[in-house]
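Residue-level listing of the chains:
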Amino acid sequence: MKKHTLTVTVENKPGVLTRVTTLFRRRGYNIESLAVGETENPTISRITIIVRGDDRILEQVTKQLYKLVDVIKIVDITEERSVERELVLIKVKADNNVRADIVQIVDIFRARIVDIGKNSLIIEVTGDSSKIDAMVESLRPFGIIELVRTGIVAMVRGEIK
Amino acid sequence: MQLKGAEILLRCLQEEGVDTVFGYPGGAVLPIYDALYDSSIRHILARHEQGVAHAADGYARATGKVGVCIATSGPGATNLVTGIATAYMDSIPMVCFTGQVGTSLIGRDAFQEADITGITLPITKHNYVVERTEDVARVVKEAFYIARTNRPGPVVVDLPKDVMEKSIEFSEGAEVNLRGYRVMKGCNLGQVIAAVELIKKAERPVIYAGGGVISSDAATELRELAEKRKIPVTTTLMGLGAFPGNNYLSLGMLGMHGTRYANYAIGEADLLIAVGVRFDDRVTGNVNTFAPHAKVIHIDIDAAEIGKNVNTHIPIVGQAKEVLQAINERLEPVAEYGEWHRTLDRWKQEFPLRYGSSRDGRLMPQHVIEKIYDLTKGEAIITTEVGQNQMWTAQYYKFKHPRSFLTSGGLGTMGFGFPAAIGAKIGCPDRLVIDIAGDGSILMNIQELATAVQYRLPIVICILNNQYLGMVRQWQSLFYGGRYSNTDMSAQPDFVKLAEAFGAIGIRVNKEEELDDALNRALQATDRPVVLDILIEREADVYPMVPPGGSLSNMLGGDDI
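If you read the sequences in order, they're chains A and B.
Quick note: the first sequence uses the working numbering, first residue 1, plus one each step.
Quick note: the second sequence uses the working numbering, first residue 1, plus one each step.
By construction, these hints were calculated from the structure, which means they are not laboratory data.
Glycine residues also receive a C-beta, built at the ideal position from the N, C-alpha and C atoms.
A few of these clues could be false.
Unchecked claim - Heads up, incomplete: computed chain B residues facing chain A, CB under 10 Å, no partners named:
hint	residue
1	142
2	302
3	303
4	308
Let's have the full structure, built from the sequences with the hints guiding it.
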């Protein structure tokens, strides 16, 4: 089933995220990724949701979301030219023998080392899913101790039509 | 003007046209009850918060106005939950005000604290916690606006005690501020024209009408369409009364316990005009074999209902009333459909609703309903509980008017009918109100007899008493080898004495000869409720029946009695 990116504009009020997420659970749709934060207008938040489903499921998700009083707008930007980004922090095992190799990988992916421990490094990487997956795979042989992802945020390119 | 939160609340209610509320007091709503003491708003005191919610719901269904509930925090609020879910499933406009512990105590597991907005999230159209007295007026306005517009539904407003106690400078003129909620007006004319073209071409059309016709006040428009084009009409359980059951074009109810001719008509139809319905599983049975030859026009106010369960050829989102008006304007009257009507008439003659004679000498429930229909001339407001009593009523009482059949269709709430009858009688004091109950259901909210006695409401409660949880027993008989697990209810109170203990009238009906007299006596009561304990055949079943998940064309029973 196809992956869809929905950007959902909502009232920036307590409880709104719960309304959105319980709706997905209640109707039996699975959220693959979710990111939420305030927008340029402090009374409005934007939720970026990645959901898998055929057209029928997506149509239902969208219509049901629109019924929530706190949801202002929903756009399925899957087919739009858009920028999608996710930020990931990876803590990887790194003794002196392998540090140079890891630094090289970090350079290639244009990631950053944000913390140096005695036997580990924390790496910050930003990008789309394919870049992040590739980076994670490259670091896996060294031993990933911890990994955390923000969830994808997305924005349509150019001016709003 | 300095006003307390509770006083602002009541003022705003009056501004919304509310003259009657249903409630039950408690600690957290003391400020509201104190304000009610001086108010002209009529407060109906139920005996359990579930009774409060169903009464407000019955009031809303019977009058078309928004039903209003008040309950205290914690258990008061949670006792409303079944009533709220009932209203939500049937799209009934309600606003429920719940008390809440003071704002400084919220989240600390305080005495009688419950997260009612969290609990009611999936069963309300919207809900609010009011954190500042300054927001009371706006929230009340929004709550009523949301409850009654578009697809109606219940809204919960949670009111912390200190928010109700605090006095502020009050100024009128609160406004609705909802950028995520728009009231639907009009409809897509292109779709209307496409629908009209389909209707003109159809040879075997059927109208499938539901509760949306009633909530949209579109019964007149529906009848115009049907009579203009001679289109037969079948209704859902929620749609009973949307089209006169005694009209020659009526096919009665469709679905699991619908008439054979309604279900056969769906099977043969080449056009289905679905108005204010949601293709519920109790209607469609197996969706893959539902209306297999029909193009579908689906008219509904809720876009999310279109395409949810079945594919639609022409979706029209809008108020049923407006859409039907637009369609009617573009159609010329026709004579009979000829062949199609002859087929339907043949089915009606061959497969009428019918029932046999009693096997145990007790009354046949279907006969009781027919008798009630005759005596009331089809003009009463009938509420039901849930199960066999509900289905027999739906089959044998030919409802003529919208808002005269009040039943829990979606949630299927036993214990709904009696408190709903109280709400209906409060809202429509000049109408005859009858609750058709089962001996299982009536015990679920029997405490409301005290309410009906207090307000001197001459409601008639007809208990179809088979000393079984009849519908469950029927399923056990059909699908579980007759193993009647926990459905025998023969250990039951003496309903006549019980009625009398509450100050109501109790009458037992043992045999057919006693029925007329008992019903006549009950219908003449003027100042108190009457409980008729009618002993019916213990193992009478509801037929015909589409087994769950089966096809409408394949019905059990009712053909060979």
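* Hint check: 10 Å Cβ-Cβ cutoff, residue 142 of chain B to chain A -> Interface hint status for residue 142 of chain B: holds (8 Å vs cutoff 10 Å).
* Asked: Hey, does the residue 308 of chain B contact hint survive, CB to chain A under 10 Å?
  -> Holds - the Cβ of residue 308 of chain B comes within 10 Å of chain A, reaching about 6 Å at its closest.
* Asked: Taking 10 Å as the limit, does the beta-carbon of residue 303 of chain B come near enough to a beta-carbon in chain A?
  -> OK, holds: residue 303 of chain B within 10 Å of chain A, min 5 Å.
* Asked: With 10 Å as the cut and Cβ atoms as the points, is residue 302 of chain B at the interface with chain A?
  -> It holds, given that the least Cβ distance between residue 302 of chain B and chain A is near 7 Å, below 10 Å.
Checked against the numbered hints given earlier, the structure satisfies every one of them.
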